[in-house]
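J.: Build the full structure now, drawing on both the sequences and the hints.
Going down the list, the protein sequences come from chains A and B.
Take the position in the first sequence, starting the count at 1, then add 124; the result is the number in the numbering used here.
Take the position in the second sequence, starting the count at 1, then add 124; the result is the number in the numbering used here.
To be clear, the hints were calculated from the coordinates, so they are not data collected in a lab.
Some hints here could point you the wrong way.
Each pair may be met inside one copy or between any two copies, as identical chains are not told apart.
With a straight-line Cα cutoff of 27 angstroms, these simulated DSSO-like cross-link-like pairs (lysine-lysine) come out [unchecked claim]: (1) K159 with K257; (2) K316 with K176; (3) K170 with K193; (4) K316 with K159; (5) K204 with K159; (6) K214 with K159; (7) K204 with K147; (8) K193 with K159; (9) K204 with K316; (10) K257 with K170; (11) K257 with K167; (12) K257 with K204; (13) K257 with K316; (14) K214 with K176; (15) K170 with K147; (16) K147 with K159; (17) K167 with K214; (18) K167 with K147; (19) K214 with K316.
2 protein chains.
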Amino acid sequence: MNYPQPLIELIENLQQLPGVGPKTAERMALYVITKLDEQDVLKMSKALIGSKQNLMYCETCGNISETPKCSICRDETRDKTIFCVVQEAKDILAFERMGMFRGQYHVLGGVLSPMDGVGPEDLRIIELLERIKEMPDAQEVIVATNPNMEGEATAQYIQSVLVNTGIRISRIAHGLPVGGDIDYADEATIMKALEGRREF
Amino acid sequence: MNYPQPLIELIENLQQLPGVGPKTAERMALYVITKLDEQDVLKMSKALIGSKQNLMYCETCGNISETPKCSICRDETRDKTIFCVVQEAKDILAFERMGMFRGQYHVLGGVLSPMDGVGPEDLRIIELLERIKEMPDAQEVIVATNPNMEGEATAQYIQSVLVNTGIRISRIAHGLPVGGDIDYADEATIMKALEGRREF
Numbered sequence: 125m126n127y128p129q130p131l132i133e134l135i136e137n138l139q140q141l142p143g144v145g146p147k148t149a150e151r152m153a154l155y156v157i158t159k160l161d162e163q164d165v166l167k168m169s170k171a172l173i174g175s176k177q178n179l180m181y182c183e184t185c186g187n188i189s190e191t192p193k194c195s196i197c198r199d200e201t202r203d204k205t206i207f208c209v210v211q212e213a214k215d216i217l218a219f220e221r222m223g224m225f226r227g228q229y230h231v232l233g234g235v236l237s238p239m240d241g242v243g244p245e246d247l248r249i250i251e252l253l254e255r256i257k258e259m260p261d262a263q264e265v266i267v268a269t270n271p272n273m274e275g276e277a278t279a280q281y282i283q284s285v286l287v288n289t290g291i292r293i294s295r296i297a298h299g300l301p302v303g304g305d306i307d308y309a310d311e312a313t314i315m316k317a318l319e320g321r322r323e324f
Numbered sequence: 125m126n127y128p129q130p131l132i133e134l135i136e137n138l139q140q141l142p143g144v145g146p147k148t149a150e151r152m153a154l155y156v157i158t159k160l161d162e163q164d165v166l167k168m169s170k171a172l173i174g175s176k177q178n179l180m181y182c183e184t185c186g187n188i189s190e191t192p193k194c195s196i197c198r199d200e201t202r203d204k205t206i207f208c209v210v211q212e213a214k215d216i217l218a219f220e221r222m223g224m225f226r227g228q229y230h231v232l233g234g235v236l237s238p239m240d241g242v243g244p245e246d247l248r249i250i251e252l253l254e255r256i257k258e259m260p261d262a263q264e265v266i267v268a269t270n271p272n273m274e275g276e277a278t279a280q281y282i283q284s285v286l287v288n289t290g291i292r293i294s295r296i297a298h299g300l301p302v303g304g305d306i307d308y309a310d311e312a313t314i315m316k317a318l319e320g321r322r323e324f
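T.: Given below as C-alpha cells:
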C-alpha cells in the first residue's frame, strides 16, 4: 500500500517551499488532510495563487507591489534625491520598519555571484543608472547589500558603474550590532567596527 | 509601508501549516512570489484543495483513502483474523513499509489524553469492538499505540474493553531499536528491553 495519489501530489508540491524536504512535506500534508478544515485549506489555496496573480514588481524600483508603481514610488512626500539600493524586495520592509529612511529604494534582485552564474546583467544595475540619470536632483546612492563577500563585490561594482555620474555613493556601516556582545562577535565584525570608529 | 494585502494573506495562511511561524511563513511567501513559476504555484494550490476534496477516511478502518473503503480493507488476500490498532493513519504506512504484516488495521484517531480533553468516546474504540464482534474468525488484536504514557494508557483501556470478547490481545514489543546503541538509550527503554528479554 502506498499513499493515495492526491496525498502524494500534495507532498510533492509542498516540497517546492523553501526548507521543506520530503519528511516535512509529508507531515504538513497529513496535517492538512487530517487536522485542517476544508474552508481553511481553500483559503490557503486561494492565497497561494492570489499572491502570484495579484502581485507584481514595481516597474520603477522593483519592490513587490499590487500596482505597476509601488506605494513608495507613488508617495510624493518622500525624498527624491536619495536612493537606497537593496538586494531583495524584502530588505525594503526591514528599512521601512526602522522608519527613519524617507528616500527611494532600488531592488537589485540579487548579488553578483560568479559561482551561481549571476553577473551584472542579471541584476537591475542598468535600471539604477538610468533612474539616476533621469533624476537631476539625485544626490546620494546608499548601497545596502548584505555585509558578506557577494554583497561587498556587488557594492564595489555599483560604485564603479556610478562613479562617473558625480553622485555621492555610500555604503551602510559595518560594525557591532546594537545589543550585541563583543565577546560573541566574530573577528571580521570587530575589525570592521574598529575601522569604522568615530570620535565622540 | 506594509506588505501588500495578497502577501499578508499568504503569510497568514501559511501559518496554518505545522511548524510554520510568522518568520518562516514570510520567508515561504516571499519565495513563492519571487522564485516560483505561476504554473507551479497553481499546481500547489490545486494539490492542497484536491487533497481535501478527493480524500476521505476509510469507513471500515479509518485509513486515508480515495474511496469509501481503503485498498487494504478491499484486499481479499489479506488476513481477516488479525487486527493492528494504530493511533494515526500515517502509522499504517510505517507498518506497510515494513511489509511483514498482512492483516487488517484499525485507526484510533489519537490516544487518550485527559489533559487535552481526549476521552474514549473521541477515539474509534467502539468501532473496533463492533468490527471484532462482526468477525467470528477474529483471533488477535495487536495494540500498536506509541510507547509513551498516553499510548500505554490507551493500550490498557483497549485491553479492558476487549477482554470479554475472548480474543487474544497483544502489545507491540518495547526495547532497544535495531541499530541503536545501549549507551545512548534512556533508562526506561533499557528497563523495557530487560523485562522483555527472551531466551535464545
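J.: A separate judgement is required for each hint: does it hold in the structure or not?
T.: Against the structure, the hints come out as follows:
1. K159 with K257: For K159 and K257, neither the intra-copy (56 angstroms) nor the inter-copy (30 angstroms) Cα distance is at most 27 angstroms.
2. K316 with K176: This pair counts as neither: shortest intra-copy Cα distance 40 angstroms, inter-copy 54 angstroms.
3. K170 with K193: Within one copy, since 24 angstroms is at most 27 angstroms while 30 angstroms is not.
4. K316 with K159: Neither, since 50 angstroms and 33 angstroms both go past 27 angstroms.
5. K204 with K159: neither (50 angstroms within a copy, 30 angstroms between copies)
6. K214 with K159: Classified as between; 13 angstroms across copies, 31 angstroms inside a copy.
7. K204 with K147: neither (49 angstroms within a copy, 32 angstroms between copies)
8. K193 with K159: between (40 angstroms within a copy, 21 angstroms between copies)
9. K204 with K316: Neither, since 31 angstroms and 73 angstroms both go past 27 angstroms.
10. K257 with K170: Neither. Shortest intra-copy (41 angstroms) and inter-copy (46 angstroms) distances fail the 27 angstroms Cα cut-off.
11. K257 with K167: Neither: 45 angstroms inside a chain and 43 angstroms across chains, both beyond 27 angstroms.
12. K257 with K204: Classified as within: same-chain Cα gap 13 angstroms, cross-chain 80 angstroms, threshold 27 angstroms.
13. K257 with K316: So K257 and K316 fail the 27 angstroms test inside a copy (32 angstroms) and across (77 angstroms) alike.
14. K214 with K176: Intra 16 angstroms, inter 32 angstroms, cutoff 27 angstroms: intra-copy only.
15. K170 with K147: both (25 angstroms within a copy, 21 angstroms between copies)
16. K147 with K159: both (17 angstroms within a copy, 22 angstroms between copies)
17. K167 with K214: Both. Shortest intra-copy (24 angstroms) and inter-copy (25 angstroms) distances satisfy the 27 angstroms Cα cut-off.
18. K167 with K147: both (24 angstroms within a copy, 20 angstroms between copies)
19. K214 with K316: Close inside one copy (25 angstroms), not across copies (52 angstroms); limit 27 angstroms.
Violated hints, in rising order: 1, 2, 4, 5, 7, 9, 10, 11, 13; the structure is consistent with all others.
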